[in-house]
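Turn these sequences into a full structure, and let the hints guide you.
At position 83 of the sequence shown the residue is numbered 83 (the UniProt record's numbering), and the sequence of numbers has no breaks.
None of these hints come from the bench; they were simulated from the model.
All of these numbers come straight from a predicted model, not from anything done at the bench.
Using N, Cα and C, we set each Cβ at its ideal position, and we do this for glycine too.
It is possible that part of the hints are untrue.
Claimed, not checked - Beta-carbon label-pair distances, calculated as ranges:
#: 1; residue 1: G147; residue 2: G108; range: 35 to 43 Å
#: 2; residue 1: A129; residue 2: P14; range: 34 to 42 Å
#: 3; residue 1: L53; residue 2: G114; range: 34 to 42 Å
#: 4; residue 1: A126; residue 2: V94; range: 32 to 40 Å
#: 5; residue 1: G28; residue 2: T90; range: 42 to 50 Å
#: 6; residue 1: T90; residue 2: A129; range: 21 to 29 Å
#: 7; residue 1: E143; residue 2: I98; range: 15 to 23 Å
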Amino acid sequence: MESIVSSIVREYPPAPLVGVGGLVLDRGKVLLVKRAKEPSRGEWSIPGGLVELGETLHQAVVREVHEETGLIVQPQTLLKLVERIIPDETGGIVYHYILADYLCEVAGGEEKAGSDALACAWVSEADLAGYRLAPITAELVQEVLAGRRPGDPPVKV
1 MESIVSSIVR EYPPAPLVGV GGLVLDRGKV LLVKRAKEPS RGEWSIPGGL
51 VELGETLHQA VVREVHEETG LIVQPQTLLK LVERIIPDET GGIVYHYILA
101 DYLCEVAGGE EKAGSDALAC AWVSEADLAG YRLAPITAEL VQEVLAGRRP
151 GDPPVKV
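Right, here's the structure in full:
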């Protein structure tokens with residue numbers, strides 16, 4: 001399946017791409033990864049990536065979190081559906097993702113940055129401001145760390 005996902009046209013795609021994110025909580029901290037690839041290379045985010053053909057959303061979030069962090073997680077609940085549309089200066093669509101972000105608990109594994117991650121870190125609510133996050137990701141993380149659950153409607157960014 002890896003060859004199918006790696007062959008997908010991500011820049012200027014012919015249709016929106018479906019992905020997942022895993023908001024992993026442990027002892028009041030959230031697991032963030034520093035992105036190794038575009039879009040948003042060098043920014044911090046929750047681990048995630050594209051859903052592979054024949055894979056459920058739950059399977060995809062477990063796989064992506066493991067690939068990027070070495071951890072095995074158990075998805076708990078769907079937190080939010082997010083539409084991430086990034087245009088170029090002429091109005092063309094460079095990236096268009098529909099993302100299902102899940103709250104996850106650690107079930108095993110050893111933390112180690114891998115695949116699409118330059119680094120990973122456990123971050124408290126107090127330290128969150130020191131990490132460069134996309135605004136929609138920062139909002140989601142802050143809501144969950146504060147004990148609130150975001151609504152389900154898609155959010156356009």
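Each hint, compared with the structure:
Checked against the hint of 35 to 43 Å, the pair G147 and G108 fails, with Cβ atoms roughly 25 Å apart. Checking the proposed 34 to 42 Å range against A129 and P14 shows it holds: the Cβ atoms sit about 38 Å from each other. Evaluation of the 34 to 42 Å hint for L53 and G114 yields a failure: the beta carbon distance comes to about 22 Å. Checking the proposed 32 to 40 Å range against A126 and V94 shows it holds: the Cβ atoms sit about 34 Å from each other.
For G28 paired with T90, a C-beta distance near 44 Å keeps the hint of 42 to 50 Å intact. Distance hint for T90 and A129: a CB-CB separation of about 34 Å, inconsistent with the stated range 21 to 29 Å. Take E143 and I98: their Cβ atoms lie about 20 Å apart, and the range 15 to 23 Å holds.
The structure fails hints 1, 3, 6 (numbered hints given earlier, in ascending order).
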